[in-house]
Amino acid sequence: MSVADRSRLPLVSRGVRLLLLALAGGLSYAVLSLPDQRVELSDQVSANMAASGVHNPVTAVLLNFRGYDTLLEMGVLLVALLGVWSLGTAVAHRRGGPGPVLSFLVEGLVPMMILMAGYLLWVGAAAPGGAFQAGSVLAAAGILLLLSSKRLPVRLVGRPLRLVLVLGLLAFVVVGVTLLSVNGIFLQYPPGLAGGLILFIEAAATLSIGVTLAALFLGGRPDSDT
Amino acid sequence: MEAVMVLQWGFDGMLAIALLLLAWRALRNPDLFTAIVLFIAFGLVMALVWVRLQAPDVALAEAAIGAGLTGALLLAALARLNDLDDSVDDSHTVDAEIK
Amino acid sequence: MNSGLLYALTGVGLFTLGLNALIMHAHLLRKILAINVMGSGVFLVLVALGGRVPGASPDPVPHAMVITGIVVAVSATALALALMLRVRAATGKPRLPEERQE
Numbered sequence: 001m002s003v004a005d006r007s008r009l010p011l012v013s014r015g016v017r018l019l020l021l022a023l024a025g026g027l028s029y030a031v032l033s034l035p036d037q038r039v040e041l042s043d044q045v046s047a048n049m050a051a052s053g054v055h056n057p058v059t060a061v062l063l064n065f066r067g068y069d070t071l072l073e074m075g076v077l078l079v080a081l082l083g084v085w086s087l088g089t090a091v092a093h094r095r096g097g098p099g100p101v102l103s104f105l106v107e108g109l110v111p112m113m114i115l116m117a118g119y120l121l122w123v124g125a126a127a128p129g130g131a132f133q134a135g136s137v138l139a140a141a142g143i144l145l146l147l148s149s150k151r152l153p154v155r156l157v158g159r160p161l162r163l164v165l166v167l168g169l170l171a172f173v174v175v176g177v178t179l180l181s182v183n184g185i186f187l188q189y190p191p192g193l194a195g196g197l198i199l200f201i202e203a204a205a206t207l208s209i210g211v212t213l214a215a216l217f218l219g220g221r222p223d224s225d226t
Numbered sequence: 227m228e229a230v231m232v233l234q235w236g237f238d239g240m241l242a243i244a245l246l247l248l249a250w251r252a253l254r255n256p257d258l259f260t261a262i263v264l265f266i267a268f269g270l271v272m273a274l275v276w277v278r279l280q281a282p283d284v285a286l287a288e289a290a291i292g293a294g295l296t297g298a299l300l301l302a303a304l305a306r307l308n309d310l311d312d313s314v315d316d317s318h319t320v321d322a323e324i325k
Numbered sequence: 326m327n328s329g330l331l332y333a334l335t336g337v338g339l340f341t342l343g344l345n346a347l348i349m350h351a352h353l354l355r356k357i358l359a360i361n362v363m364g365s366g367v368f369l370v371l372v373a374l375g376g377r378v379p380g381a382s383p384d385p386v387p388h389a390m391v392i393t394g395i396v397v398a399v400s401a402t403a404l405a406l407a408l409m410l411r412v413r414a415a416t417g418k419p420r421l422p423e424e425r426q427e
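Chains as they are written, first to last, in the numbering used here: chain A, 1 to 226; chain B, 227 to 325; chain C, 326 to 427.
Calculated from the structure, these hints are not laboratory results. Quantities reported herein were computed from a predicted structural model and do not represent experimental measurements. Accuracy of the hints is not assured; some may be wrong.
[As the list claims (entries may be wrong)] As a list, the in silico SDA-like pairs of lysine to any residue whose alpha-carbon atoms are at most 25 Å apart:
| id | chain 1 | residue 1 | chain 2 | residue 2 |
| --- | --- | --- | --- | --- |
| 1 | A | 150 | B | 309 |
| 2 | C | 418 | B | 255 |
| 3 | A | 150 | C | 404 |
| 4 | C | 418 | C | 351 |
| 5 | C | 418 | A | 150 |
| 6 | C | 418 | A | 85 |
| 7 | C | 418 | B | 307 |
| 8 | C | 418 | B | 230 |
| 9 | C | 418 | B | 313 |
| 10 | C | 418 | A | 13 |
| 11 | A | 150 | B | 302 |
| 12 | C | 418 | B | 256 |
| 13 | C | 418 | B | 251 |
| 14 | A | 150 | B | 306 |
| 15 | C | 418 | A | 91 |
| 16 | A | 150 | B | 307 |
| 17 | C | 418 | B | 312 |
| 18 | A | 150 | B | 310 |
| 19 | A | 150 | B | 256 |
| 20 | C | 418 | A | 220 |
| 21 | C | 418 | A | 88 |
| 22 | C | 418 | C | 404 |
| 23 | A | 150 | B | 293 |
| 24 | C | 418 | B | 257 |
| 25 | C | 418 | B | 271 |
| 26 | C | 418 | B | 259 |
| 27 | A | 150 | B | 301 |
| 28 | C | 418 | B | 309 |
| 29 | C | 418 | B | 301 |
| 30 | C | 418 | B | 238 |
| 31 | A | 150 | B | 297 |
| 32 | C | 418 | B | 263 |
| 33 | C | 418 | B | 241 |
Please work from the sequences and hints to get the whole structure.
Here you go:
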């Protein structure tokens, strides 16, 4: 069936292949000829780790030094969800309900995944982990629940759902604006408070990321019977 | 010391070859379901590569999001495509189902 | 050449494989798979080149950029899949319409 998928003439495909080989050759040459020097950014990161409030350099970069990028990324997640929601409503789930294996797995795994998400969020300050990893485990738990046909009760779809979705972005903006009005610089944490602020933002972001990714899986606007 | 270097190089080489092979097969496979499963396997080998490159945060993110969530999204979309194909090829039915 | 360069070249290879599949296939789901492979190739080049100097701790800035990139890639994939399902509903097949030679 891959032959049926190709809608190009063989002559064009040979030309494309040659061009792509040339591109690969050029890129490989570029990669191999890069100078072997050390970028100063990582030195600056290591020098400022003490003032960043956490011990994990990646978390420090994501949430403190380049916190604005992470704020924008929360925005990107919401925009993608808006796009998916604007394209249609969610497909109604099957009325059959989950089988016994899936039910058993969901009952056993989902609480542990929530616990794991909390652990990843907490340990992100000193070891590999953090908001994105924790949020994705939470999203996986949500997807397991969706697959076994469990849906939110109707009164939670609507304002509470939307509130949780924007919580991450909201926490970032609130912290940023507060610091702007106190210090004069958007999102510059004072070194004493940095650890607590990062944890607060990360907790809100974990919830947001988890719910947003699970909602993206649902594939449409939740209507009144999903 | 030399034996460790050879082992590391061998391991890195195998991971790199596995990545390229999985990607190539995933993109060329005529059956979409097999292609998506190969893509999930590609994501998992990628997570191993991140560990080899001393990037454990990226490895966690790739395994959960890149392999797991993207794979789940792709499989759900494929299932919906197949559902649309299985239903009657009547445009009114299709419109009613998508709303 | 250390292992960083090996993985960087692998990333270039993945990018090229993905680009080839993006151009050659007409089915939208395959195009989405191809874009994801291209994205993974680019991330590999970023992180592998960040860890070029052996024996030193890895540079955390490319790690953060790639984590951001992975999350953006999954949101874009979700949106692209929803668009593909709409194209299928609107035109009856999950492919871009063929260009007519006018």
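Now the hints, each set against the structure:
no.: 1; hint: 150/A / 309/B; result: holds (21 Å)
no.: 2; hint: 418/C / 255/B; result: holds (19 Å)
no.: 3; hint: 150/A / 404/C; result: holds (23 Å)
no.: 4; hint: 418/C / 351/C; result: holds (11 Å)
no.: 5; hint: 418/C / 150/A; result: violated (31 Å)
no.: 6; hint: 418/C / 85/A; result: holds (22 Å)
no.: 7; hint: 418/C / 307/B; result: holds (9 Å)
no.: 8; hint: 418/C / 230/B; result: violated (53 Å)
no.: 9; hint: 418/C / 313/B; result: holds (14 Å)
no.: 10; hint: 418/C / 13/A; result: holds (23 Å)
no.: 11; hint: 150/A / 302/B; result: holds (16 Å)
no.: 12; hint: 418/C / 256/B; result: holds (17 Å)
no.: 13; hint: 418/C / 251/B; result: holds (24 Å)
no.: 14; hint: 150/A / 306/B; result: holds (19 Å)
no.: 15; hint: 418/C / 91/A; result: holds (19 Å)
no.: 16; hint: 150/A / 307/B; result: holds (23 Å)
no.: 17; hint: 418/C / 312/B; result: holds (13 Å)
no.: 18; hint: 150/A / 310/B; result: holds (23 Å)
no.: 19; hint: 150/A / 256/B; result: violated (34 Å)
no.: 20; hint: 418/C / 220/A; result: holds (20 Å)
no.: 21; hint: 418/C / 88/A; result: holds (18 Å)
no.: 22; hint: 418/C / 404/C; result: holds (18 Å)
no.: 23; hint: 150/A / 293/B; result: holds (24 Å)
no.: 24; hint: 418/C / 257/B; result: holds (16 Å)
no.: 25; hint: 418/C / 271/B; result: violated (33 Å)
no.: 26; hint: 418/C / 259/B; result: holds (17 Å)
no.: 27; hint: 150/A / 301/B; result: holds (19 Å)
no.: 28; hint: 418/C / 309/B; result: holds (13 Å)
no.: 29; hint: 418/C / 301/B; result: holds (18 Å)
no.: 30; hint: 418/C / 238/B; result: violated (41 Å)
no.: 31; hint: 150/A / 297/B; result: holds (21 Å)
no.: 32; hint: 418/C / 263/B; result: holds (22 Å)
no.: 33; hint: 418/C / 241/B; result: violated (37 Å)
In this structure, the hints that do not hold are numbers 5, 8, 19, 25, 30, 33, in rising order.
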